[in-house]
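Q: Take a look at the letters that make up each chain.
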Amino acid sequence: MLYLILLPVLASLCLIPLFGERKIKSSTIAIAGALGSLALASYYLFAYFVKSVVESYNWFLGGFSLSFIGNNLTLSFAVLVSFISLMVLIFSVFYMKKEQQERYYVEMSIFILSMLGLVLSNSLLLFYIFWELVGVSSYLLIGFWYKKESASAAGKKALVITRIGDMAFFAALIILFIGLGTFSIPSINSATSSLPQPLLLLSGILILIAALSKSAQFPFYTWLPDAMEGPTPVSALLHSATMVAAGAYLVIVMSPLLAAAGLNIILVGVGLLTAFIAVFLALNHRQIKRIFAYSTIESLAFMFIAVGTANTGGAVFYLFAHAFFKSLLFLISGVFAVLLGMQDIYALKLKKLAGTWVMIPALIGIISLAGIPPFMSFFAHLSLSAGFNIYENLLFVIISFLTALFAFRIFFVVFNQRAEEKLEKQKESYIPIYVLSAISAVGGLLMFSFTNIIANFTYVLDGFTLIDVLAALVGVFVAFEFFYRSKYPHFSMKVKSMVSYLSKHSYDSILSSIGGFVVLVGALVGLFDSKLSIFYDKLADGSLFLSSKSRRLEDGDTQTYILAIMVGIIAIFAVAAIYI
Amino acid sequence: MIQLTGLLVLPTVGIIALIIKKVLHLGLTEEKIVTSVTIATIAIFFLGLLLGFQSFSFPLINSIGFSFTLQLNGISIPFLLLAIVLPGLGLWSAYKEIKENKTLFYIFYLFSYLSLIAVFMSSNLISFFIFWEIILISFFFIIAFWGEKETKRKASMKFLIFTQFGSMLLLGAFILLYVYTGSFNLNTIASSISLIPSQIQDVIFFFVLMAAIIKMPLFPLHSWLPDAHTSAPTAGSVLLAGVLLKLGAYVLILFAVLLMPAVVRTFQIPLIILGLFTILYSTFAASAQRDFKRLIAYSSIFYMALVFIGIASLNSLGETGAIVLIVSHGFIVGMLFVLAGTLKEKTGTRDLDRLGGLMSKMPMYAFFLVLAVIATLGVPGLSNFPGELLVLLGAYAVYPMALIALAGVLIATNYYLSAVKKILFNSLKKAFIKMTDISSFDALQLSLFTIFIVVLGIMPSILINSFNLTI
Chain A
1 MLYLILLPVL ASLCLIPLFG ERKIKSSTIA IAGALGSLAL ASYYLFAYFV KSVVESYNWF
61 LGGFSLSFIG NNLTLSFAVL VSFISLMVLI FSVFYMKKEQ QERYYVEMSI FILSMLGLVL
121 SNSLLLFYIF WELVGVSSYL LIGFWYKKES ASAAGKKALV ITRIGDMAFF AALIILFIGL
181 GTFSIPSINS ATSSLPQPLL LLSGILILIA ALSKSAQFPF YTWLPDAMEG PTPVSALLHS
241 ATMVAAGAYL VIVMSPLLAA AGLNIILVGV GLLTAFIAVF LALNHRQIKR IFAYSTIESL
301 AFMFIAVGTA NTGGAVFYLF AHAFFKSLLF LISGVFAVLL GMQDIYALKL KKLAGTWVMI
361 PALIGIISLA GIPPFMSFFA HLSLSAGFNI YENLLFVIIS FLTALFAFRI FFVVFNQRAE
421 EKLEKQKESY IPIYVLSAIS AVGGLLMFSF TNIIANFTYV LDGFTLIDVL AALVGVFVAF
481 EFFYRSKYPH FSMKVKSMVS YLSKHSYDSI LSSIGGFVVL VGALVGLFDS KLSIFYDKLA
541 DGSLFLSSKS RRLEDGDTQT YILAIMVGII AIFAVAAIYI
Chain B
581 MIQLTGLLVL PTVGIIALII KKVLHLGLTE EKIVTSVTIA TIAIFFLGLL LGFQSFSFPL
641 INSIGFSFTL QLNGISIPFL LLAIVLPGLG LWSAYKEIKE NKTLFYIFYL FSYLSLIAVF
701 MSSNLISFFI FWEIILISFF FIIAFWGEKE TKRKASMKFL IFTQFGSMLL LGAFILLYVY
761 TGSFNLNTIA SSISLIPSQI QDVIFFFVLM AAIIKMPLFP LHSWLPDAHT SAPTAGSVLL
821 AGVLLKLGAY VLILFAVLLM PAVVRTFQIP LIILGLFTIL YSTFAASAQR DFKRLIAYSS
881 IFYMALVFIG IASLNSLGET GAIVLIVSHG FIVGMLFVLA GTLKEKTGTR DLDRLGGLMS
941 KMPMYAFFLV LAVIATLGVP GLSNFPGELL VLLGAYAVYP MALIALAGVL IATNYYLSAV
1001 KKILFNSLKK AFIKMTDISS FDALQLSLFT IFIVVLGIMP SILINSFNLT I
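From first to last, the protein sequence lines are chains A and B. When the letters of the first sequence are read in order and numbered with my numbering, they come out as residues 1 to 580. When the letters of the second sequence are read in order and numbered with my numbering, they come out as residues 581 to 1051.
Do not rely on the hints blindly, as some may be mistaken.
Unchecked claim - Under the rule of at most 20 angstroms between Cα atoms (straight-line distance), these lysine-lysine pairs were calculated in the PhoX-like manner:
#: 1; chain 1: A; residue 1: K147; chain 2: B; residue 2: K1014
#: 2; chain 1: A; residue 1: K148; chain 2: B; residue 2: K729
#: 3; chain 1: B; residue 1: K729; chain 2: B; residue 2: K682
#: 4; chain 1: B; residue 1: K734; chain 2: B; residue 2: K676
#: 5; chain 1: B; residue 1: K602; chain 2: B; residue 2: K682
#: 6; chain 1: B; residue 1: K941; chain 2: A; residue 2: K98
#: 7; chain 1: B; residue 1: K729; chain 2: B; residue 2: K601
#: 8; chain 1: A; residue 1: K147; chain 2: B; residue 2: K602
#: 9; chain 1: B; residue 1: K734; chain 2: A; residue 2: K531
#: 10; chain 1: A; residue 1: K422; chain 2: A; residue 2: K349
#: 11; chain 1: B; residue 1: K734; chain 2: A; residue 2: K148
#: 12; chain 1: B; residue 1: K1010; chain 2: A; residue 2: K148
#: 13; chain 1: B; residue 1: K612; chain 2: A; residue 2: K147
#: 14; chain 1: B; residue 1: K734; chain 2: A; residue 2: K538
#: 15; chain 1: B; residue 1: K601; chain 2: A; residue 2: K148
#: 16; chain 1: A; residue 1: K23; chain 2: A; residue 2: K97
#: 17; chain 1: B; residue 1: K612; chain 2: B; residue 2: K601
#: 18; chain 1: B; residue 1: K1014; chain 2: B; residue 2: K679
#: 19; chain 1: B; residue 1: K679; chain 2: B; residue 2: K1009
For the record, the hints were derived by calculation from the structure and aren't laboratory data. Predicted, not measured: the structure shown is a model, and the values here were computed from it.
Just chain B, with the same shape it has in the complex (with noise of 0.2 angstroms):
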């Protein structure tokens, strides 16, 4: 058995050692620090998945039940997957593109690591809400810092501003679930969920769904996250699109609809046309962006909102594929961000019109485009197809407009095809004619990603066993 703070260990030690590092003056690079930090912390969660995990408590203020109680849920092994493993997969983008203030954004990067891993274990909802909380603080030091200049400081605000108004309404539900329950303990507020009157299960589920909707994000409040994405820097959007934006749906489906099923099944199909909307409108916007990152960006609106139908759909099928492709989407769309910063370090920009003709210099990296949006479009063999079919299998059982969603998925042909054809395809443009392929490194650190999506997506049954829909 492995206890479960062993995950928490060994990211706290990196963030003393980066300290003393910087205090000290000693020659031990950061990034020595943070690899072998994270490479240890994703060793010991898969030797952990092979013996089984053990829960940890320790009561911190008796009188209000506030303890730090790591214990894993029936959801959480997908998600601390996601969280362990993508930040470790996008370090190496940091590597390349943080020069300045390093031993401090490493800082930061180790305390969302660590929350972030907290996060999807902590089974008191006082604990569950301060790293939730870390979470977003350190975050927005990430952009506000090494951020695109120009747009930094406004992306970064409206990150934050947007995010803790969520986190607001998150700590409005955990109060009343506390105010009815009498317990911040998720297991006990579950087995005591009937005490709670249904027009406070009413409120409580609105907060949830909001703090959801925004993190997600879902249509109208999803303007922070283009921006936030575009300003932040590669590893930055990796854990922000892999993770955070997980963070939502996890939410979602632990507060409402392992909770209380029943109030979800009242506002089930106005969720799905809030989600399917969302679809339509994310593909369209899509459809006219320029910049691939932002591109990128409102696809992952577009596959959130399929997660958030699948959720809404409140039943098995539509919440294992809810799952498996909050798993399948973090790798994708965690690749697609690389791939995206490797652009712009290679060639200096994202600006689609003003790429063209990359395939004849860079044939590796666009093998892994193509390999990326391949996946990200849902084809057969990588790892979105089984979430994507579960997803609407489940929608289409509860609400069969639900596929609606397929012209979505149309419209990210399109849009995506124009892409790699504006970026690979044609005669190279002038400016590219010393254009040299991704790094070794570069070529290991995507073959990572490509392990995963191709390893779900040829054996779902791995990751579907891994969880079950419980409290």
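Looking at chain A on its own, in the form it has when it is part of the complex (with noise of 0.2 angstroms):
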């Protein structure tokens, strides 16, 4: 009965239009929606722990059935998300007082529970079902202040780009079902070796496709940061545990076909490539949602280096903690939203914040970004290196240094100055921050159970490990020379005015002109369609004097329609006679 725990948010969904605001808040419905999937997914791990159950429901005609399966990673991960789904729904109270409160908590009840669908899913199909409903509820969420011409337009980005994705999937899908007449994602799996080699590749290029795309990897990741557009509620919950999770999760489960596929070199590589751009991105932003955008594509790479090392056990643990640490980040900039009405970090700065109550969830954050000990992402970072080789360390103690960089970029700017007064504290606001940021400090002990999680989990602690750490506090010493002392300013400047150059040549002009590029192919084709029209119009110009007052049916018109239609069909035959 597993689709139970999707049931308490579904009734919300229902609910919430129902009440409308009267005698019961959406807000209020929405988080019992949450608090239900939660307690129902954590029973299901209690009871079902160590098991695997399969649950299978007809759909249509006879393969195509759609099954959940409870195991202990789905499962975990179905409480990770009503988890975080949870903390984010309460924070919601605080964010969205002023806002239009049905549509959004019914939006948000469509993309919870659409992602713990997807993470319960067994089979492709219903994988592929609540795949498309994230996609379209974060388009929605994304673009939920329709009035903004920005808004709406990252809503609209963020849909196409990953439809393409999307679109390979369902691809894949096909592929697959003919191929292997199943879509059980188990026998998927294991029966890799009677797909053709070259079905095999085509169908794994196609699943990595669909994840890069939701996971906002390169090539795709440009919709990411624009997608902070929408409230930061939902950045919180789309950058955590929903939305890119889903893309992650995806190579996770696929990762036996990728492999068999041969793709790992390909998605260690596409991460570090990711990885690198996205930091070099982090550094040159100010607004702090869009550094915070960056940082979850760099590190959502970080999942995908894992699962191309084998080593899915440390994608996962990485994506448990980083869905703690990005959400707790993403809620306290929507405190400066809220109170301060500001995302710049250098208009934050001279709100002087220094010491007020967000700082040490904000430094827990910030720490974890780093994968500085002793938070639960130091932990996680342990696990992700487990599978790396020499030359993905070498590479990332650079990785290490430059996040560590952007990092405490962040909080030595925003926290420079001495608050002179209290940043006002509210239960919604701070119970959420508060509890995420203890789960980010204490949740790495979970290291030494997460076998029972995900079979296939290590950890290392070598000589890298060090060096990534020292690497990192040598980038947290330049932040705070840097920024904080704001010594050698001339020096800086010349860092970010050749980042700057980076990132304005960036392919975002490419991938626009791609899109111009289609919007000319439609503007000619639509030409030619007009000019078609016409042409048929010609052939039969005196048509319009049968008015409805001669009634009077001009033969040569006629004809002339006729005459048309023949070369057309004319045509036609010609080809089928060729191909005959």
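Mind assembling these two chains? They're in different frames, but the hints should get you there.
A: So this is what it looks like as structure tokens:
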């Protein structure tokens, strides 16, 4: 009865429009739904512990069944998703006070529902169904403030780009079903050898494209930074446990197929490339949410690298750790947005925030981002790098340095000057933030029981761990010198201009020129089509005389239409004749 | 058991009632007559689905085997569902839009309603053809008299001549079938199809194919459709896109795929390629449209091309998918045309560049528009998805390149989302400050469409179990 986990959220989704803010607030209903799902997911996690339960329901025809799977991995994902959702929904009470409540909570509930369904799916068909719903609901949520041109454009961009991946996924679904006769994920993964090599490679590439677009990896990453146009709680959810995590989850569950197709090297390569692009872009921006968005792209790249190094356990554990600290960081930026109305870190600097209540949670989040001990994220890094070879390890040292640099840049700039007055503190805002920072801090203990959740789980503590941490600490030091004490402004300006030069020539412009090309082709075809239509019309020019007054069919004109149709038909006949 | 004639009696009564009303100047309004007739017909249809239908036959001219025979074939039910329900759902738009010559309009409307129902039940080719012609003629008058002023003459003539040409080809196919099998009865023809020499079968197939290509329509014979849609009244567009275009697919499945699959198999791959080309062509052409209704018209060419690919795949997955997609697209495109009509009624324009920000004034309208667009893009949970999935599975199994059709879906995503953005989002244009949301009757009409779209999306097996791929 695994579908029961989805029911509370589904119920709140239906109840919110019914009550419509009368008697019961929609936020209360949504929170109750997420709480119910969390309770059920935890119950099943304990009930099914170390078991694996598959439940199938036939949808239509013979083979089109929808099946859920409950095991430690999927159920702990369900717990994670519903828990983060709950925190974000509680925070939303604080953040969305002045907004249209109903629409927001309905869309959030669809979002949560589809992600919960996705993690519990055992059949690729069911996975795809929820995958699409995740995309559509994020489109609605990113474009929530539809009156803003930038928000509606960002929503559209997110859906159009992720739909490239959706269609790739759809194609893979078709290829795998025709090739193997099943949608079941375990069956597909175990039967890869019976698929011809080219088809295996093709379906692997298509799955990979799907995951890359959903997780905002190179070359699709451009939609994610724009997605910050949505309300901050949406970003908190979208960047941690839902939307982007869906892509990583896909490569995690399909990793046997990807490995069999020989795509692991591509995963690592794309991951490293994305990570480097993301850290440089993060260094260049001033908007706090945009920097976090780039850091999400980077963190997801880590997960892709881990899967590529045959270390799915590390990817899962890092996904968990990342979900906690990234939602924490976004919620903190939400506090700034509501109370101070600003997102620019240099504007925030002037607000004198050091010593306010958000500083300690923010520090926990930033340290986690940089992967410095002793918090959960550090332990996640230990398992993340377990499968690295020497080159990956060396590159990771550089990434560690740069990550710490941009992470602490935020911290040292924002919390630069001692506060003169207290920052407002409300229950709905501080409870989720404190809870998430507590988990981010001590969640590392999970590492010792994580083998229960995913069998393929290891961690290493070696020389490179030490070097990574040292590199990160150097990053912190440099950030401190540059951005806290504002030393060497000349040098930092130079770095900045170099980075902005790089990002200006980033390929967002190439992407938009591809978009422009599609539009151009569309315009040309449209032009041709109207010409075609006019061609038919011209042939029958006189038909306008067929007015209702005279009702006189002028033979010549009718004939010309017929002539035109004849031309078309002869053309088709000719093509057919050539074919035969 | 319900007599199949029962479905035809009420529209006939309605037509007579309208004529009597006109002659005797009764107080009864046209709307009441038409509403009660369609609701009763829909009720009889659903009752019949539960209880079963009984065939009916009445010989007319024995010497050539012309009889008035009503009999369901394997694929009748899904098409009947569209033919019976959709015109009823479109009526509310007609009530709002048609102000002149109402009686005459509803007589034509009921004539096409009657013939649409009849055509999907006729198993005698002569009566099939007669009803097929009545639909075209009455629809021609609907566009010619109640269409948009500037374009109606031209568009209606274009519609008539193109589709009449298709009719002639279909008639040619019927005559050939009669000449070689000696019967106009579909069942007799099906059992004696082997009597027809293979070259003649090829010719018959090409006649049917051409009729279908004009009707569905496919490139390069599609140019009548956008014009017809742009100038037809909303109720007419619902009928045109929702049911009339499906006639093309119906004849193709019935007279080609089910009657002589071997012939179709010879031309299978070029047919799929034609479908794929039409998909890319129509989606690109749709991207260039500024008139929302024209955009929907091009987009419906896209979906019919997808249906065409499914039909041409010649396996049960593809054929089933094609029929599911036909029904689903009927409801979705009907809903989109109603939405486009409402847009014109409320704002006075369908030009996308002149619209903007309507969501703040029309949240209900926005809800339905977004829902219809999401449905048309094949998002799971709504009715297009099972159809698209099955069609592409079927087509991929015979021709892997068929996956190119997904590029069409991608382009469609782009232009539909652009249209939604231009209509609903961004800041409200000054001209629309006093705009009000849709009325509760509008909302009811759109909800009825929504119910079908959602139910068929969640439980496609209801639809799939209602037909089998036999004559």
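Q: For every hint, state whether the structure bears it out.
A: Status of the hints after comparison with the structure:
| no. | hint | in the structure |
| --- | --- | --- |
| 1 | K147(A) x K1014(B) | holds (17 angstroms) |
| 2 | K148(A) x K729(B) | violated (37 angstroms) |
| 3 | K729(B) x K682(B) | holds (17 angstroms) |
| 4 | K734(B) x K676(B) | violated (24 angstroms) |
| 5 | K602(B) x K682(B) | holds (10 angstroms) |
| 6 | K941(B) x K98(A) | holds (18 angstroms) |
| 7 | K729(B) x K601(B) | violated (28 angstroms) |
| 8 | K147(A) x K602(B) | violated (51 angstroms) |
| 9 | K734(B) x K531(A) | holds (16 angstroms) |
| 10 | K422(A) x K349(A) | holds (15 angstroms) |
| 11 | K734(B) x K148(A) | violated (42 angstroms) |
| 12 | K1010(B) x K148(A) | holds (16 angstroms) |
| 13 | K612(B) x K147(A) | violated (42 angstroms) |
| 14 | K734(B) x K538(A) | holds (12 angstroms) |
| 15 | K601(B) x K148(A) | violated (54 angstroms) |
| 16 | K23(A) x K97(A) | holds (17 angstroms) |
| 17 | K612(B) x K601(B) | holds (12 angstroms) |
| 18 | K1014(B) x K679(B) | violated (25 angstroms) |
| 19 | K679(B) x K1009(B) | violated (29 angstroms) |
In terms of the numbered hints stated before, the structure departs from hints 2, 4, 7, 8, 11, 13, 15, 18, 19, listed from lowest to highest.
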